[in-house]
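A.B. asks: One-letter residues, chain by chain:
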Amino acid sequence: MNVNLPPHLLRAGETSRVDLLLIAEMVKPGARVLDIGCGDGTLLRLLAEKRDVEGRGIELSQAGVNSCVAQGLSVIQGDADTDLVHYPDLAFDYAILSQTIQATYSPRHVLEQLLRIGKRAIVSFPNFGHWRVRAGLMFGGKMPKTDNLPERWYDTPNIHLCTIKDFLGLCEDIGAKVERAVALNASGSKLGLSMPLFAQNLFGEQAVFLLSR
Amino acid sequence: MSETPTAQAFTDHSLRLAQIANPQSEIVHFPAHEPLKLDCGAELAPFSIAYQTYGVLNAAKSNVVLVCHALTGDQHVANIHPVTGKPGWWDTMVGPGKPIDTNRYFVLCSNVIGGCMGSTGPSSINPATGRAYGLDFPVITVRDMVRAQARLLDHLGIADVLSVLGGSMGGMQVLEWAATYKDRVFSAVPIACAARHSSQNIAFHEVGRQAVMADPEWCQGRYLDEGRSPRKGLAVARMAAHITYMSDDALHTKFGRNLQDREKVTFGFDADFQVESYLRHQGLSFVDRFDANSYLYITRAMDYFDLAADHGGVLAHAFAGTKTRFCLVSFTSDWLFPTDESREIVHALNAVAADVSFVELKTESGHDSFLLHEPELFDTIRGFLSAAALKRGVAGPEGWLP
Numbered sequence: 116m117n118v119n120l121p122p123h124l125l126r127a128g129e130t131s132r133v134d135l136l137l138i139a140e141m142v143k144p145g146a147r148v149l150d151i152g153c154g155d156g157t158l159l160r161l162l163a164e165k166r167d168v169e170g171r172g173i174e175l176s177q178a179g180v181n182s183c184v185a186q187g188l189s190v191i192q193g194d195a196d197t198d199l200v201h202y203p204d205l206a207f208d209y210a211i212l213s214q215t216i217q218a219t220y221s222p223r224h225v226l227e228q229l230l231r232i233g234k235r236a237i238v239s240f241p242n243f244g245h246w247r248v249r250a251g252l253m254f255g256g257k258m259p260k261t262d263n264l265p266e267r268w269y270d271t272p273n274i275h276l277c278t279i280k281d282f283l284g285l286c287e288d289i290g291a292k293v294e295r296a297v298a299l300n301a302s303g304s305k306l307g308l309s310m311p312l313f314a315q316n317l318f319g320e321q322a323v324f325l326l327s328r
Numbered sequence: 051m052s053e054t055p056t057a058q059a060f061t062d063h064s065l066r067l068a069q070i071a072n073p074q075s076e077i078v079h080f081p082a083h084e085p086l087k088l089d090c091g092a093e094l095a096p097f098s099i100a101y102q103t104y105g106v107l108n109a110a111k112s113n114v115v116l117v118c119h120a121l122t123g124d125q126h127v128a129n130i131h132p133v134t135g136k137p138g139w140w141d142t143m144v145g146p147g148k149p150i151d152t153n154r155y156f157v158l159c160s161n162v163i164g165g166c167m168g169s170t171g172p173s174s175i176n177p178a179t180g181r182a183y184g185l186d187f188p189v190i191t192v193r194d195m196v197r198a199q200a201r202l203l204d205h206l207g208i209a210d211v212l213s214v215l216g217g218s219m220g221g222m223q224v225l226e227w228a229a230t231y232k233d234r235v236f237s238a239v240p241i242a243c244a245a246r247h248s249s250q251n252i253a254f255h256e257v258g259r260q261a262v263m264a265d266p267e268w269c270q271g272r273y274l275d276e277g278r279s280p281r282k283g284l285a286v287a288r289m290a291a292h293i294t295y296m297s298d299d300a301l302h303t304k305f306g307r308n309l310q311d312r313e314k315v316t317f318g319f320d321a322d323f324q325v326e327s328y329l330r331h332q333g334l335s336f337v338d339r340f341d342a343n344s345y346l347y348i349t350r351a352m353d354y355f356d357l358a359a360d361h362g363g364v365l366a367h368a369f370a371g372t373k374t375r376f377c378l379v380s381f382t383s384d385w386l387f388p389t390d391e392s393r394e395i396v397h398a399l400n401a402v403a404a405d406v407s408f409v410e411l412k413t414e415s416g417h418d419s420f421l422l423h424e425p426e427l428f429d430t431i432r433g434f435l436s437a438a439a440l441k442r443g444v445a446g447p448e449g450w451l452p
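Line order of the protein sequences matches chains A and B.
Reading the first sequence from the start, the letters are residues 116 to 328 in our numbering.
Reading the second sequence from the start, the letters are residues 51 to 452 in our numbering.
Rather than coming from a laboratory, the hints here were simulated on the basis of the structure.
Take these hints with a grain of salt, some might be off.
Mimicking SDA-like on lysine to any residue, the simulated pairs with C-alpha atoms at most 25 Å apart in a straight line are [claimed, not checked]:
(1) B/K373 <-> A/H201
(2) A/K165 <-> B/K441
(3) A/K234 <-> B/A370
(4) B/K111 <-> B/A253
(5) B/K373 <-> A/C277
(6) B/K111 <-> B/H367
(7) B/K373 <-> A/R247
(8) A/K260 <-> A/R231
(9) A/K280 <-> A/P203
(10) B/K412 <-> B/G443
(11) B/K412 <-> A/D198
(12) A/K234 <-> B/D390
(13) B/K148 <-> A/Q177
(14) B/K441 <-> A/Q186
(15) A/K234 <-> B/D405
(16) B/K136 <-> B/G318
(17) B/K373 <-> A/V133
(18) B/K441 <-> A/C277
(19) B/K148 <-> B/A92
(20) B/K373 <-> A/Q186
(21) A/K165 <-> B/D390
(22) B/K373 <-> A/K292
(23) B/K412 <-> B/A209
(24) A/K292 <-> A/Q186
(25) A/K292 <-> A/C277
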């Protein structure tokens, strides 16, 4: 899915994206993994290298799919909103949605599908509760633009932005169990576990959740 | 048509007829006691399979790439065609250093059963009568074609293939291979195809067949005995079919409303427009290399193709338990086998959690895109095949694996 991250974070073979390293850390070696919105395959390659996974991908953009398949990755052109229903229950050990949920039409439906087809789901997203976002709206009076969310309101693919608290609410609504939740600050460091939720929601620029049913 | 086939167009006729019994290809003759059992219940015996190979079979016989040809294709994938004198139909794809790299893979393509380039078909001699089969040839299916190919591989001592690829009817054969011989197919690349022939496509085929059969030279299918040839009928069939292989845009770009060698329309039925002239040429050049009855039989085989129906009405059942790695390709401008048909196959493969890749490539050229110079198609095939070879441990020259 065409989530526009800053170009320096998307370079092929680049493993400096901390959220991706964090996701890789959460995946058990040799697992079956579906990466939904796999882009140019950066995470799938990382998982193959570091975790020896059996990886599959779904990607909306044709350029992304072509690049993945030409690299020998198993990726189909498809849409998180419509194509997950075709997979059988528990087909994967992990269903991963990296920086994509905010660009889906129906995040709730997509998250439910993730937890149906994967034994576990891993979801990362930009935190709209981050203080810069709040300050942008508060003091600028305009829809905020940040490094993580660089587009203007009318050309962003991100139509369902949420905060860490919002996401926890959705997890509760659909009965998803949060096995692990990590907030990352602007420099990509994990925020301290002891930090209260309101502070994580304020200082976390992005979040990574490991969920199960 | 007001312009009829001319004598000049007959020059290659004998060349073509020679290919039926003595093809310029490798050929395997299966004797009468080794019949090919067909879906229609009949047995074909004896039968022959003509085939071409490119590259070298490795010691482990693990580098076999089987190419399946389309309706009017043949086994001459990447060599000069013995009848037309032109390069093979997938010369851009298959060869040294090309996406299907013959420095690495042993590429094999056989003429389908029912064809007219050396494999047994309606123009072959029926041993029961000593004359060409004509309409006594049994109706064959895509699965029969694949069974015949499997017999050829058995004969060559090839247990399984690294990959089976094909476009259009070739793609149907690829799907049939994956469904019928799951253990023999490591990877499969069905291009621009469908799991069943659509009503619209059956309709187009029927137009073609009726054109052939309406030609008095067809002689109820006995034209070879009579020394005649339904050239006009087959040419019209080809003209109609050719339109379906191209896109509206491609025709418009290529010809627009341009006139053929004239300043203005002639108020007659000559080929005023370039597109008419082009189609007539396509029709005429086709009859020089193809047999009319083969056209009837092979279009019928495509019409009968319905992989889901063969597996209890559920397409996913056709692929249950598959270990094959799939890569499906469709083209945006292909209205004969539109992307939705490929997507249906992808969904069926997802339902059995198969290893599947799927790309829809943006092209202008319609269904024929798979035969043309499409760099993204080349990248896809090269990358997918290399990954399959790597996974299977097929060694190659240093540096070629991804």
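A.B. asks: Now tell me, hint by hint, if it's right for this structure.
C.D. replies: So, going through the hints one by one against the coordinates:
{"no.": "1", "hint": "B/K373 <-> A/H201", "result": "holds, 18 Å"}
{"no.": "2", "hint": "A/K165 <-> B/K441", "result": "holds, 17 Å"}
{"no.": "3", "hint": "A/K234 <-> B/A370", "result": "holds, 21 Å"}
{"no.": "4", "hint": "B/K111 <-> B/A253", "result": "violated, 42 Å"}
{"no.": "5", "hint": "B/K373 <-> A/C277", "result": "violated, 40 Å"}
{"no.": "6", "hint": "B/K111 <-> B/H367", "result": "violated, 30 Å"}
{"no.": "7", "hint": "B/K373 <-> A/R247", "result": "violated, 49 Å"}
{"no.": "8", "hint": "A/K260 <-> A/R231", "result": "violated, 34 Å"}
{"no.": "9", "hint": "A/K280 <-> A/P203", "result": "violated, 31 Å"}
{"no.": "10", "hint": "B/K412 <-> B/G443", "result": "violated, 32 Å"}
{"no.": "11", "hint": "B/K412 <-> A/D198", "result": "holds, 21 Å"}
{"no.": "12", "hint": "A/K234 <-> B/D390", "result": "violated, 30 Å"}
{"no.": "13", "hint": "B/K148 <-> A/Q177", "result": "holds, 23 Å"}
{"no.": "14", "hint": "B/K441 <-> A/Q186", "result": "holds, 13 Å"}
{"no.": "15", "hint": "A/K234 <-> B/D405", "result": "holds, 18 Å"}
{"no.": "16", "hint": "B/K136 <-> B/G318", "result": "violated, 34 Å"}
{"no.": "17", "hint": "B/K373 <-> A/V133", "result": "violated, 34 Å"}
{"no.": "18", "hint": "B/K441 <-> A/C277", "result": "violated, 41 Å"}
{"no.": "19", "hint": "B/K148 <-> B/A92", "result": "violated, 41 Å"}
{"no.": "20", "hint": "B/K373 <-> A/Q186", "result": "holds, 20 Å"}
{"no.": "21", "hint": "A/K165 <-> B/D390", "result": "violated, 36 Å"}
{"no.": "22", "hint": "B/K373 <-> A/K292", "result": "violated, 33 Å"}
{"no.": "23", "hint": "B/K412 <-> B/A209", "result": "violated, 36 Å"}
{"no.": "24", "hint": "A/K292 <-> A/Q186", "result": "violated, 35 Å"}
{"no.": "25", "hint": "A/K292 <-> A/C277", "result": "holds, 18 Å"}
Against the hints set out earlier in the document, violations occur for numbers 4, 5, 6, 7, 8, 9, 10, 12, 16, 17, 18, 19, 21, 22, 23 and 24.
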